[in-house]
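Use these hints to put chains B, C and D onto chain A, whose structure you have.
Protein chains: 4
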Amino acid sequence: MNIGFIGLGRMGAAMATRLLMAGHRVTVFNRTPAKASALVAKGATAAASIAEASRGDAVMTMLANDEAVEEVVLSKDGILAALPSGALHVSSSTISIALSERLTAAHSRAAQLFVAAPVFGRPEAVQAGQLFVVAAGEESAIKAATPIFEAIGQKTFTVSETPKAANLVKLSGNFLIATVIESLGEAMALVRKGGIDATRYVEILTSTLFNVPLYRTYGGLIADGKFEPAGFAAPLGQKDIRLTLAAAEALGVPLPMANILRDRFLTLLAHGCEHLDWSAIGQLAAKDAALAQE
Amino acid sequence: MNIGFIGLGRMGAAMATRLLMAGHRVTVFNRTPAKASALVAKGATAAASIAEASRGDAVMTMLANDEAVEEVVLSKDGILAALPSGALHVSSSTISIALSERLTAAHSRAAQLFVAAPVFGRPEAVQAGQLFVVAAGEESAIKAATPIFEAIGQKTFTVSETPKAANLVKLSGNFLIATVIESLGEAMALVRKGGIDATRYVEILTSTLFNVPLYRTYGGLIADGKFEPAGFAAPLGQKDIRLTLAAAEALGVPLPMANILRDRFLTLLAHGCEHLDWSAIGQLAAKDAALAQE
Amino acid sequence: MNIGFIGLGRMGAAMATRLLMAGHRVTVFNRTPAKASALVAKGATAAASIAEASRGDAVMTMLANDEAVEEVVLSKDGILAALPSGALHVSSSTISIALSERLTAAHSRAAQLFVAAPVFGRPEAVQAGQLFVVAAGEESAIKAATPIFEAIGQKTFTVSETPKAANLVKLSGNFLIATVIESLGEAMALVRKGGIDATRYVEILTSTLFNVPLYRTYGGLIADGKFEPAGFAAPLGQKDIRLTLAAAEALGVPLPMANILRDRFLTLLAHGCEHLDWSAIGQLAAKDAALAQE
Amino acid sequence: MNIGFIGLGRMGAAMATRLLMAGHRVTVFNRTPAKASALVAKGATAAASIAEASRGDAVMTMLANDEAVEEVVLSKDGILAALPSGALHVSSSTISIALSERLTAAHSRAAQLFVAAPVFGRPEAVQAGQLFVVAAGEESAIKAATPIFEAIGQKTFTVSETPKAANLVKLSGNFLIATVIESLGEAMALVRKGGIDATRYVEILTSTLFNVPLYRTYGGLIADGKFEPAGFAAPLGQKDIRLTLAAAEALGVPLPMANILRDRFLTLLAHGCEHLDWSAIGQLAAKDAALAQE
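Protein chains in written order, with this note's numbering: chain A, 4 to 297; chain B, 4 to 297; chain C, 4 to 297; chain D, 4 to 297.
Pulled out of the complex, with its shape left as it was, chain A reads as follows (with noise of 0.2 Å):
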């Protein structure tokens, strides 16, 4: 296929990459244009605009947040003006799902397919074809969008034919992960203040009930105090956590444990932590213990 990939950030490069690795012929835009560079030794061709990169079979967007995407899409030079009728656009950003309604609106009265694929995996999964999709859009686009998830991830899951939904399973899954690193920064304040040695505590839980990559990374993250450097930063975090609540309050779903998330990255970015990774809210419950970073 020939296809456009734009948001060449670690994620979105080691997609494009994939595409590449799987035969596909990919075109690559970037805002910082340095970022298509990598991509253009393996095989890209780097778009001048965005418009350049819209106009194969398919888009691939991969970028920060709504007012990326928006300004992407939506903007007089973007995709949508540039989308050949019958292409693809596939959204795999994490976004809100108010947004993924407007561009699902918009493509449909453009006459586009679109579907969400939001994914799940870091970079180093993407590489080593790891990476899980979640999709969600009408059949034909699915189906149009099928050598793509082929080429990006091991598994994909489609959840609807309403694109929305898969943003929404994505955002309930960050949701998720943000429970994990709070419960265990609470446990191991509890723990360390009863005088037990928070990285052991860690070995405990990961070799018994907890023997799952998630805990171990995010459990050594919290025992070590070690926040820098962010492999997913605390205001990404915090946007997360705001973009559930807004989808929880739209569906009219009380969502206490979002409540406590969204009130400790707002204390850890008053405190100045912006450049900390999102697993640093875990050492907030020591914090108002009183205990010192071990």
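Rather than coming from a laboratory, the hints here were simulated on the basis of the structure.
Warning: the hint list may mix true and false statements.
Repeated chains share a single entry, so a pair holds when one copy, or any two copies, can fit it.
[Said to hold, decoys possible] Here are the simulated SDA-like cross-link-like pairs (lysine to any residue), alpha carbons at most 20 Å apart as the crow flies:
hint : residue 1 : residue 2
1    : Lys242    : Ala253
2    : Lys146    : Gly46
3    : Lys146    : Pro87
4    : Lys146    : Gly275
5    : Lys196    : Thr165
6    : Lys229    : Glu164
7    : Lys158    : Glu206
8    : Lys242    : Thr159
9    : Lys196    : Pro126
10   : Lys242    : Ala101
Since this is a predicted model, take the numbers as computed values, not measurements.
Using the frame of chain A, we list chains B, C and D on its own:
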């Protein structure tokens, strides 16, 4: 070793069986004598009293709560009075930090050895030799208990020379499991109201980031609304959160997520659900959102 | 002064009446023209359009929410386009901080004066001349608005030269009222389950420490379970808590009590109670405790 | 009446003084005898022991917590042992529901009358005859206590024939006061970060909807950051929230706002602030928001 075993619920019976299988001589006692018969059939000796089960090298207790442990250990005809000087008490019950301190002091005054050794695992795990033991106590006591630990579990984590530290790890572990239940309950209420099938959702989660039995088990129970028969009854869950909060208060550690769990259990029990599994708190987010059980 | 008045709900009508009583010439406009008739009978002039009501010395708005204010002020035929340079807009609606900022900037660009002047008090208080006004705006704008404030209320508190500060005070005030409702709901659930009569309890509270109409009114409504007709409907309460949380997020202030209120409103509205008074959140603690309505 | 009085803290001393002023013969006892001197100077008799103060028509206790009440009433040489059959114990201390039940049962077995009669008001209010009494007990006991109530307060509210009901009202009242402190702390953090002067803000609140000494007092303390000397020390506040939560758990009532208060007190005390007034929890919202004390 000559080992007494008191408390033959499902967990205790499985643990006593493992001791027999490892070649120890086991004398069992249970308030309800019928429960001892199955063990006698496997080679155990039935004791007519707590004291009679407390005259060997060691006595092990696996009881439901503080009240039962107080009664069995500290009453006039209890373990403390019968256990020989130098002999060992291994307490595997999930009890309060405060009671663990009292037991430690009492056994010390009586020149008896004492180890707190709560376990992680369900009865089936015990039978399969896959139990995990978290132990704390003085070095000599831990050493004396080692053959017991080797018989009942696959691995023992020694965390401290102070017994109550092991109880704290156990309470914190149950707190973490309860946070998993609640977080799944909230996430599933959210996605269900967004039109996503709960079972499909759990499949996605547990194929990806949460690929661990704990999430699979509880996610499945919540998706199915299947809270009977209770594997671990709601009042026991409430008790463990109460003990966690009590320990946290004594240590000066605020635990906002434990507060949410506390309220969930109170709501559940106020509505007459003491016969349900503790995972039934995972349906309360859906009720607040006015979702019918699937 | 020649004053336009837009938004003739119960509060707006009472405020416009006060302006007439003070001798001002008042031109009224309301989307539902019927509501203007009563004011015309008292001496007001009916305007056929927003623009027609915006050509005097000042125009005052008292509308339900951000959407209405945006429409009335910022749309093509709105106040901004019609108000003469140097004339004044007094906005008394409870709106978001973000919209208040936009209005401030827009009026400034148009060389118009702008004051945010939300009020505290119910319609009856307005009639009795007992309204309180919280005002913010540039000195010249406040000065121009002073005759209006003197006409509608008993006292005006000027809090800042930045209009949005007054909106923040209003939001925080409604947040405080909602905390009173929730705290009474919790306390009354507790004592009722302890066998104490709720009405008697409110009498004790409001004869002693809480001897103030606010507690008497809301305590009485909760004790009686009387949430209809709505004096201030639940969706408006939810809106104000949402705006409070949005302001708090923008300013970086965690508000744990506002989170509880947010969830209470979501629960209430999820159960189809949008027709009830916002004090109906005060019955949810009793429902969680499985208490029947008295 | 011949009345013994035990517990001469600031409140107790003021109450004993009122009894003397009303013409009763008062025998005082205090663990720290020096505190009795001032009362003796006003006409009281000093007792050398609890028993000596318990031989009249009635004995009144005003003590700090459950432990003190248990010691004074239930120990070998306590009130229970010394009080004549048919005589009366009026307990005004803020104690747990559980202890109130124990006292009720013990006095009943001893054929003594018992009334729980906690009070609302500060020492200055007692002196001015403005104390409020909330009383519960059997009709005969209430009748016997009436002259005491008339001497110490301006009004008595009888709420139940079961003494613990009065203790529950008292606990719930202190819970409500603490919610006022916390809600003011949150609202003030919000408006301060929005550029509004805290003292000015309290003035607005207490001139309008919250025109009551409680809000004025605590609003002022928080605005000034003046938490010393403690009128009611933080550990006493924590105790009352703990007892409220314990009562709520026993009755099956979730209290989300009490959970927030619990965590606030834990945070405050973990940071070594046990010497501060309980209203110091009102500064924690500002700390979370990274605001410096004004």
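Hint check results:
In this assembly of identical chains, the alpha carbons of Lys242 and Ala253 lie at most 20 Å apart whether taken from the same copy (16 Å) or from different copies (12 Å). For the homomeric pair Lys146 and Gly46, neither the shortest alpha-carbon distance inside one copy (26 Å) nor that between copies (64 Å) is at most 20 Å. For the identical chains of this complex, Lys146 and Pro87 are intra-copy neighbours only, at 17 Å inside a copy versus 59 Å across copies, given an alpha-carbon limit of 20 Å. With identical chains, the CA atoms of Lys146 and Gly275 are never at most 20 Å apart, being 46 Å at best within one copy and 39 Å at best between copies.
Within a single copy, Lys196 and Thr165 get their C-alpha atoms only as close as 48 Å, which misses the 20 Å cut-off; across copies the closest is 13 Å, which meets it. In this assembly of identical chains, Lys229 and Glu164 lie within 20 Å of each other by CA distance neither inside one copy nor across copies; the values are 41 Å within and 29 Å between. In the homo-oligomer, the alpha carbons of Lys158 and Glu206 lie at most 20 Å apart only across protomers (12 Å), although the nearest pairing inside one protomer, at 30 Å, exceeds that limit. With identical chains, the CA atoms of Lys242 and Thr159 are never at most 20 Å apart, being 25 Å at best within one copy and 39 Å at best between copies.
In the homo-oligomer, the alpha carbons of Lys196 and Pro126 never lie at most 20 Å apart, since the shortest distance is 36 Å inside one protomer and 31 Å across protomers. In this assembly of identical chains, Lys242 and Ala101 lie within 20 Å of each other by CA distance both inside one copy and across copies; the values are 14 Å within and 18 Å between.
Hints 2, 4, 6, 8 and 9 from the earlier list are contradicted by this structure; the remaining hints agree with it.
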